[in-house]
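All chains should be modelled from the sequences, with the hints used to inform the complete structure.
Going down the list, the sequences are from chains A and B.
With this note's numbering applied, the first sequence closes on residue 213, and no number is skipped along the way.
With this note's numbering applied, the second sequence closes on residue 570, and no number is skipped along the way.
Any given hint might turn out to be false.
[Stated by the list, open to error] Take a look, some chain B residues computed to stay more than 10 Å from chain A by CB distance: (1) ARG194; (2) ARG207; (3) THR275; (4) ALA451; (5) LEU551; (6) GLY567.
[As the list claims (entries may be wrong)] Short derived list, chain B residues pointing at chain A, Cβ under 10 Å: (7) ALA129; (8) ALA435; (9) THR545; (10) GLN546; (11) ARG550.
The set of hints was computed from the structure by calculation and includes no laboratory data.
Please read these numbers as outputs of a predicted model, since none were measured by experiment.
No residue lacks a Cβ here, since even glycine has one placed at the ideal position from N, Cα and C.
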Amino acid sequence: MSLDHLLQHPALWRAREQGEATVRTGLPTGYAALDRVLPGGGWPLQGLVEILADRTGIGELSLLLPALARLCSDEGEGGWLACISPPHPPYAPALAARGIDVSRILVVRAPPAEWAMEQALRSGACRAVLGWAPCRNGQGLRRLQLAAEQSRCLAVLFRSLRDAREPSPAVLRIALEGTPLGLAARILKSRGGRPASVLLGWIDAAAPTHTH
Amino acid sequence: MARSDQPRVTPGVSLLPTPEPVPATRERSRPRLALGGGRRRGAGDPAPATPAARELWLAVHLPHYVLESLQPPASMPIAVVDLECGARVVCDCDALAAAAGVVPGMALNSALALQPGLHVLPRDPGRERVLLEATATAALDFTPRVNLEPPDAVLLEVRGSLRLFGGVRRLCELLRRRLQSSGLAPRLALAPTPLAALWFARAGEEVALRRPDALAARLAPLPLAVARWPERALRSLATMGVRTVGECLRLPRDGFARRFEPQMRLELDRALGHAHDPRAAFAAAARFVARRDLEHEVTDTERLQHACEPLLDELCGFLRAQEAGVEALELRLLHRQAAATRLRLGFAEPVGSVARIMDVLRERLARTALCEPVRAVRLRSGPLVATRTATQDFFARECRGGAAVPQLVERLQARLGAGAVRGLRLVPEHRPEKNGDMPLFSEPASTSARSAARQATCPHFSRPVWLLAEPQPLEGDERPRYEGPLEIEEGPERIESGWWDGRDVRRDYYVARTQSGARLWIFRERRAPGGWFLHGVFG
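This is the structure we're talking about:
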């Protein structure tokens with residue numbers, strides 16, 4: 002057991018974190034507009050986050066990249082990132098440009114994506130687990146939510162917008178839609194918060210910096 | 032019974048003059064075979080300064096090694112038979128058969144008359160050797176100095192291990208429990224010299240003798256048979272009335288040397304610690320191979336998993352002794368008729384713990400269909416890999432959790448196949464498709480990863496987070512279409528590279544937006560047929 006473990010014990014509090022810890026339990030998303038409407042001021046690190054989007058390309062992964070950079074970069078916590086059944090192969094240079102350490106990424110091609118995601122969550126090996134699974138039955142979702150609850154990592158499940166009508170045990174559900182003005186996020190459910198809509202605009206990951 | 036004064040009346044066969052191998056100096060200094068027996072040590076006899084006093088040898092004797100090597104089921108009377116002079120003779124039997132009156136040395140027919148339900152097994156010298164080596168390998172857990180004493184004993188020098196294991200009694204208890212768990216009934220004896228320990232163990236006397244000067248007195252009552260000398264020599268000694276080790280030690284040294292094999296006198300000297308006893312140390316095999324016959328044929332994989340547990344225990348004990356781990360294991364499930372089912376287990380890093388191997392084995396067995404019931408399992412390790420144990424820092428600030436990653440990868444690969452879990456690679460390359468995925472842990476994390484990242488990412492142009500495995504052709508000539516006409520946002524960025532390996536590309540890349548707000552990475556082929564292609568998605 003290292004000192005770090007001890008300091009994370011719930012019974013311990015440090016004076017300089019007083020007041021702050023009670024409010025900010027979430028991981029900052031990197032988008033101020035989104036942080037404001039999320040309870041805890043960011044992505045919850047305990048429990049499942051559901052992102053509902055019908056198509057790739059609207060910035061659904063870019064939305065997570067600032068948080069992932071915090072968790073999975075050398076400057077940050079240096080944790081591992083697992084991508085379970087992604088729709089396309091992730092492109093390493095784009096992720097590296099956002100500060101994510103690509104040597105600590107697992108890409109799993111799994112037909113039973115829910116099983117693989119649950120394993121990744123339960124193993125405690127990863128700091129962030131992203132899964133693309135249809136999750137048609139409620140029991141599979143509940144298992145994932147339980148595993149995410151027990152792990153201390155960012156657990157994100159990508160599903161289709163059609164699933165918005167189905168009930169879900171996830172602590173946070175966000176529906177994403179591409180609009181002519183950029184990405185619009187609708188918070189359908191958030192534990193401790195209330196439904197809201199945010200227009201995030203163009204949040205593309207590797208937008209040109211135009212420094213020349 | 033003091034008949035040592037008439038050794039000259041011996042059968043003629045042993046009167047053949049034998050060459051005298053022992054140097055004259057030793058002969059002069061010690062006119063008798065030994066200083067023990069009835070004589071007190073005289074002042075003129077120098078105390079032998081041999082290294083034996085600084086060693087303690089533990090002998091492990093397996094009286095039923097013939098039977099135990101065959102791993103027989105426990106619930107029926109069993110006899111192991113050997114061919115002697117054309118007749119089948121019982122050479123070992125279990126307790127049930129012994130209760131019916133079967134004894135070793137009995138002809139098989141007599142044994143069958145006594146116990147008609149006797150289960151008869153043929154003797155297998157190969158497996159007896161395997162048993163002995165497995166015993167020696169188990170002994171390596173207790174000391175690095177282990178010798179084989181074929182066919183049925185193993186010797187351990189334990190002097191240096193006593194404190195670690197908490198004394199002689201505790202060490203013997205641990206060793207005994209370890210051997211009993213693999214179905215053996217060992218006899219243990221401890222003495223300052225290896226031969227003395229071996230003789231005590233063969234005689235069935237479980238002594239723990241630590242003082243070298245008490246050796247002669249304690250050895251004296253043992254029957255001479257424990258030395259396993261040639262039958263002829265033992266017979267002639269018996270006709271002289273010499274039946275115990277003590278009586279033999281009282282014989283005049285020069286006469287004994289002349290009548291019997293020099294090896295015999297050397298062994299007496301070695302047993303008492305008067306002569307050095309150099310021995311070749313046992314080195315465990317470079318791979319682990321073990322086999323286990325199942326008591327009943329097993330049809331379901333869950334019970335098979337339990338049946339494999341003792342094998343894994345054995346394997347991990349072996350690995351601990353070697354301070355090594357394995358990266359690959361092969362498990363063969365032997366059936367009655369069908370060819371053996373082979374399961375290969377791969378690990379992401381050298382492993383040596385039962386729980387870790389079991390984890391992978393469970394997943395593998397769960398997706399294995401057995402074509403026939405399994406009769407036996409055989410476990411074979413790949414090459415051993417030296418492991419280093421890392422210590423954990425109390426003040427470690429970083430909590431990366433990376434240690435559990437190989438274990439996760441193994442579990443996923445065991446169920447989904449080796450190719451299902453991949454890593455990402457950064458290559459200093461302009462062609463996008465060169466930055467694909469790669470097998471995990473295939474190459475050590477290079478320190479130049481950052482510079483590779485700098486070269487692979489171009490800071491002035493956008494790069495998508497998703498790259499399609501194959502570029503996908505788009506409709507449209509001048510204006511590409513993808514779910515409606517595309518709107519070009521950025522570009523062109525020309526990528527022209529790869530003339531040296533025949534896969535050269537000449538493309539103009541653009542960032543385009545669809546009507547529904549998705550951003551795509553498309554390119555226009557500059558070479559002959561031309562056309563638009565979709566290559567990436569800005570997810």
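- Message: Under the constraints set out in the numbered hints, which ones does this structure not fulfil?
- Response: 4, 5, 6 and 7
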